[in-house]
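Peer 1: Sequence:
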Amino acid sequence: MSTPLRTSEELPSSGRQRDEKSPIETTCAASIVADAEAAECLHDVAPVAADPASRDLLRGPIRSGVFFLALPVLGEQLLNAAVTWNDALIAGRISAEATSAIGIAGYVSWLMTMLFWMADTGATAIVARATGARNPSEARHATNQAFGLAVAMGVVGTLFVLTTAPGFAKLLNMQGDANAISVRFMQIDALGLTGAAISLALAACLRGAGDTRTPLVVLGGVNVINITLTWLLALGWGPIPAYGVDGIAWGTVVARWSGAIWMIALLARPLTAREDSSNGASAGPSGRRATRAMLRLRPSLMQPDSQLIRRILKIGVPAAGDGLVTFSGHFVFMMVVTRVPSEYSAAILYAAHTVGIRIESLSYLPANAFGVAAAAMVGQNLGANQPERAALAAREAARQAACLLALNGLLFFFAAEPLFRILSDDPRVWACGVPALRGLACVQIPLAFLIVYVGALRGAGDSRSPMIYTALSMALVRVPLAYLGGFVLRGGLLGAWMGMFGDLVVRAALMSLRFRLGRWKRIQV
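Taking my numbering, the leading residue of the sequence shown gets 1, the next gets one more, and so forth.
A hint or two may mislead.
[Unchecked claim] Calculated cross-link-like contacts (lysine to any residue; reagent style SDA-like; alpha-carbon spacing at most 25 Å):
#  : residue 1 : residue 2
1  : Lys-314   : Ser-300
2  : Lys-521   : Ile-264
3  : Lys-521   : Ala-133
4  : Lys-170   : Gln-187
5  : Lys-314   : Arg-522
6  : Lys-170   : Leu-159
7  : Lys-314   : Arg-134
8  : Lys-314   : Trp-110
9  : Lys-314   : Gln-187
10 : Lys-170   : Ser-300
11 : Lys-170   : Gly-236
12 : Lys-314   : Met-467
13 : Lys-314   : Ile-468
14 : Lys-314   : Lys-170
15 : Lys-314   : Ser-465
16 : Lys-170   : Pro-341
17 : Lys-170   : Met-302
18 : Lys-314   : Gly-518
19 : Lys-314   : Met-302
20 : Lys-314   : Leu-324
21 : Lys-314   : Ser-137
22 : Lys-170   : Val-224
Simulated from the structure, these hints should not be mistaken for lab results.
Please model the entire structure based on the sequences and the hints provided.
Peer 2: This is the structure:
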């Protein structure tokens, strides 16, 4: 664990004083700072410590602040990508039907994650504002209310998937073995949704308070458990029999509940006298321990507070609505994908689509890390009445994400076929998916701006605008273009994916414009 380092130099834009520290610098995205104001704020101050939990997000250089805040989340998201690759790798060794099954289950789990956003997004914004305003009691109360909401939503999500799994498989044109495997996989996977809801909600609160390291450790550990168990249960080892694709689902269930128990244990342990007297506001010997003390789970604070729940849902419901609209658009899009005129079956087309999305996770999951950093920086700086610094932080996060995703775009374009060969043994899947992945490589930079600015807007409490823009783009761009490219032009998977390419570009432009208008600076949470 690193020792907190500080500096006594003065931040030019605020005139605040800070403690002394050793210089630690980062050069990521240095060449793409576009305006003089950002350059002044980024360069004319001393760097801060690389430990986000011990660093005040309200002061210090923005570039290194964003980078080091995003870095643990980046590690966590790369581990998430490793899990998706692991599942696809195992399923690809079993059959194309197995690959289709994990793809459908992944989308249904994503739908449930959208439901969980009602707690996660609202709690992140409120905890970030409370932390920036130096109001630890409100941050703690919001965390406890978010925990209760997560449990309720997890139970609802589990029951929903258990009863609707056959309908999802039928809508996506799964036949025979592909249908049976998909339904069984979704129903097993649903048993872990409540555990996922709990760990995601508590991780969101920690990130809102500026601690991105603890979620990395916990959720990273969960992913290691997931990967290990899926290999053991799917392929067998020693006395452990091979359960095939069902083993992938059971490994995921156990890992999700492990994460929930681990996160609860961290936030429910009794407070020390020092932590209780400081109410979590002091950095102490460990900023992360202080943050966890501030967000401590207490049964007395879990009693439903209608006023605070309304505040959480005021932000979270539009975010969940945005996710639901996105999912609906994706689901209709998938129905187009599995029905486009092709020499291949729906299972092969969907397997190619699934592998392509798994490969794309190397981009959108890391981009989410910078979206999380933007949300925390924006929320805390708005809470401290520093809206201009909040804007600079979000723009820097977008630049750094764009730098990373541009490199990924080159990888996707020039190594499309080797990437597909890693995740599937079926040449038919390669033939369908490689051209589509090369097309996807061309829209990685818009994807970066889209994800980061959505995160920044939500961190400010503006979750309604992303929902509206997503609904418009899905209805007017993604689905019509997918139909045009897939059916009218008979372009196969690449033709259908043209709808996705157009949607990403349009939404990136809309979110960037909304952010630059600056109305989010005046939103009250």
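Peer 1: Against each hint, give a clear statement of whether it holds in the structure.
Peer 2: For each hint, the structure was consulted:
1. Lys-314 x Ser-300: holds, 23 Å
2. Lys-521 x Ile-264: Not satisfied, since the Cα-Cα distance of roughly 34 Å exceeds 25 Å.
3. Lys-521 x Ala-133: holds, 15 Å
4. Lys-170 x Gln-187: holds, 15 Å
5. Lys-314 x Arg-522: With a Cα-Cα distance of about 15 Å, the restraint between Lys-314 and Arg-522 holds, given a limit of 25 Å.
6. Lys-170 x Leu-159: holds, 19 Å
7. Lys-314 x Arg-134: holds, 22 Å
8. Lys-314 x Trp-110: holds, 21 Å
9. Lys-314 x Gln-187: violated, 31 Å
10. Lys-170 x Ser-300: violated, 45 Å
11. Lys-170 x Gly-236: violated, 30 Å
12. Lys-314 x Met-467: Status holds; Cα separation ~13 Å.
13. Lys-314 x Ile-468: holds, 15 Å
14. Lys-314 x Lys-170: Answer violated: Lys-314 to Lys-170 is near 35 Å, above 25 Å.
15. Lys-314 x Ser-465: holds, 13 Å
16. Lys-170 x Pro-341: Within the cut-off at roughly 19 Å; holds.
17. Lys-170 x Met-302: Status violated; Cα separation ~40 Å.
18. Lys-314 x Gly-518: holds, 20 Å
19. Lys-314 x Met-302: Holds, at about 19 Å.
20. Lys-314 x Leu-324: Roughly 16 Å between the alpha carbons, so the hint for Lys-314 and Leu-324 holds.
21. Lys-314 x Ser-137: holds, 20 Å
22. Lys-170 x Val-224: violated, 33 Å
This entry does not satisfy hints 2, 9, 10, 11, 14, 17 and 22, going by the numbered hints stated previously.
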